[in-house]
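S.K.: Sequences listed follow chains A and B, in order. full-length UniProt numbering puts the first residue of the first sequence at 1, with every later residue one more than the last. full-length UniProt numbering puts the first residue of the second sequence at 1, with every later residue one more than the last.
Don't take each hint at face value.
Derived CB-CB ranges, DEER-like [stated by the list, open to error]: (1) B:Val86 <-> A:Lys287: 44 to 54 Å; (2) A:Tyr96 <-> B:Lys248: 50 to 60 Å; (3) A:Ala369 <-> B:Lys248: 39 to 49 Å; (4) A:Arg244 <-> B:Phe93: 25 to 35 Å; (5) B:Gly180 <-> A:Asn357: 54 to 64 Å; (6) B:Gln223 <-> A:Ala202: 34 to 44 Å; (7) A:Asn357 <-> B:Asn276: 36 to 46 Å; (8) B:Lys314 <-> A:Leu246: 47 to 57 Å; (9) B:Asp351 <-> A:Asn241: 28 to 38 Å.
Note that these hints are calculated values from the structure, not bench results. Idealized CB from N, CA, C, for every residue including glycine.
2 protein chains.
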Amino acid sequence: MLSTQSLLKNTIVRGIPTSGMTLSSLKLATNYSTISKAMVCEKHGKPKDVLRLKELTIPKIKDDEVLVKFLAAPINPSDINQIEGVYPIKPRFKKYGAVGGNEGVAEVVAAGNKVKNLTVGDWVIPDTKAFGTWQTFAASPENELQKISKNISKISASTISVNPPTAYRMLKDFVNLKKGDVIIQNGANSAVGQAVIQIAKAWGIKTINVVRDRPNFDELADQLHKLGATLVIKEEDLRANSTRELVKNLGSPVRLGLNCVGGKSANGITRLLGHNASLVTYGGMSKQPLTFGTGPFIFKNLKACGFWNSRWNKEASKKDKQYMFDDLCELIRGGYLAEPWHDETKWELSDDNKTLNRKFMKALSKAGASFGNKKQILTFE
Amino acid sequence: MLSTQSLLKNTIVRGIPTSGMTLSSLKLATNYSTISKAMVCEKHGKPKDVLRLKELTIPKIKDDEVLVKFLAAPINPSDINQIEGVYPIKPRFKKYGAVGGNEGVAEVVAAGNKVKNLTVGDWVIPDTKAFGTWQTFAASPENELQKISKNISKISASTISVNPPTAYRMLKDFVNLKKGDVIIQNGANSAVGQAVIQIAKAWGIKTINVVRDRPNFDELADQLHKLGATLVIKEEDLRANSTRELVKNLGSPVRLGLNCVGGKSANGITRLLGHNASLVTYGGMSKQPLTFGTGPFIFKNLKACGFWNSRWNKEASKKDKQYMFDDLCELIRGGYLAEPWHDETKWELSDDNKTLNRKFMKALSKAGASFGNKKQILTFE
């Protein structure tokens, strides 16, 4: 973990080298503008075509603002869709363009006089849409940030605001699950899928995990079992009688299905659901529509719903969010929720802009690869 | 309405002509067996092949039983599916076979000594599955019957236990509708559809009604408007921009969709739903599966559920049922809920068995016709 001192070494305040600053002298930072290096787009388009590295001048912060220094930020598929303009949330275009990235963790390095709930040294994650996290510094009103525990790794903290809450809320808000209950999910090797397996395991819930067949299926299944998966099956086995038997042997009807694939996969999952179960859809990776038989809906009393973390985040109270993040941090600290499988791209202050751009584009292209297992995470050194 | 006296005229108690009996002498009936003429099947199959008229001897009723004389009973599509064996509810096969029919109204003509809540003269509807209503008499424990108001027509009473409750519950249990809210339904000319239009109208809710195109579309639309429909549109207009405009002009987002068709129709309805709306499926007349885009589920927060009146009926308390039936009878008496469009088949006691069989088979064949507008109802004279 980085100390405030080591952070200071990397802080650039225009005209004043911060290296060697003391904590008290940090307050000075509020009086100066700051340069942020940011991945910016001026219009919608393929991210590799429209994004480029820019140096942005952040004016001195206002009384109700904090200045934050980013520690880590992932490149998520929804970030890409957002830049393409095909996502319901649009980038925040300003004069200089829009900074990409919605998720990440930052440290507060300066706070205005009227800031109440944050202090220098706090770790924060965005609590608003289209924050712009692919940059080294940002100024923000404090209410657009959510304080987060510092007792977790910066990789965990930078990826805590989208995937783990998606898993957490889907396991909590649709069916009142009890210990020993069974759920099923497809896309089980996704970052959400990994979080589902681990949170379910921590809560005593059994998981049936569906993944696409692949050359290293056994290896993947092994990894998922290590995370706590009860069963791991292939998409094409969803309809097999042997699968029905396996599911039956779990001893409880399947009460909840989580779907990020759609098409045949969602339909196959529906067939394994028990009476009064819910199917929650949070993605559509196959780009196929959801297709269900009418009978199971009527006679098994199924429900199909959507879940979108951005909506939850917008509608939930600060208190509910704090409760959830505390709970998630607790799970992380307790060793129940590991960092997602990831590749780290180190964004070093000593890198020149061309190098940073090249590093970013490489990570971006991996993040855009269909069905990639590994999350791409920028870490700012 | 039939008086007890006129009922007595038609009651056959083995060996004792009841014509001219007084009310007090009815108690005698409990001491004798009764002959019921019934449409019975001995196995699953096409109803026209497996059903035949039989004379069944009903033994003298037990202390906790009542003897009822049927007044009217419809032939519903689900009755047909049940005899075919393709419905989750199976006929009650006994030694002599199973009597068809699940819905109808009967009058209590005799009550055992321990019967508490019913008395001679009460009107009752079945409160259990597979009761067998295509018969002239039946003996039943009182808890398998639900008392119903006598201040409605026997056509209304005989069709009150499936379609109106389906409409009533779907309008009540999924979305908290307020005056001025808008709902959409397909199959709007079905018996449920007609009930939806009328109950919604009574509650101040606007309805968009989708029907298949047909030569007499204008006439049908006119009939639905007379029932209280706000808009009537054709299936093929579901996706038209002009429809979007019409719906917009209703002034409120569409909060609830009711689907008994499936396939493209259900999908088209989903596209017109507003944020946080629910789509309730209670039938699948097109035999096409439900197909939805993933996006609307996630980003519009849609819900898709099934509704099955038989389940509600099984799970609801006697009190909740009584409340609903009282409410429905009130709507009927107030002139808000008309008899469903129907053809009446008079089952006269003076008819010989061959005639009764012929009359029944004619009604059955009309009831089985795809997308028939008119409910087929047997009335026992």
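S.K.: Are the hints correct? Go through all of them and say.
M.R.: Outcome of the hint check:
no., hint, result
1, B:Val86 <-> A:Lys287: 44 to 54 Å, "violated, 34 Å"
2, A:Tyr96 <-> B:Lys248: 50 to 60 Å, "violated, 38 Å"
3, A:Ala369 <-> B:Lys248: 39 to 49 Å, "holds, 41 Å"
4, A:Arg244 <-> B:Phe93: 25 to 35 Å, "holds, 28 Å"
5, B:Gly180 <-> A:Asn357: 54 to 64 Å, "holds, 55 Å"
6, B:Gln223 <-> A:Ala202: 34 to 44 Å, "violated, 59 Å"
7, A:Asn357 <-> B:Asn276: 36 to 46 Å, "holds, 42 Å"
8, B:Lys314 <-> A:Leu246: 47 to 57 Å, "violated, 31 Å"
9, B:Asp351 <-> A:Asn241: 28 to 38 Å, "violated, 52 Å"
Of the numbered hints given earlier, the model fails hints 1, 2, 6, 8 and 9; all others are met.
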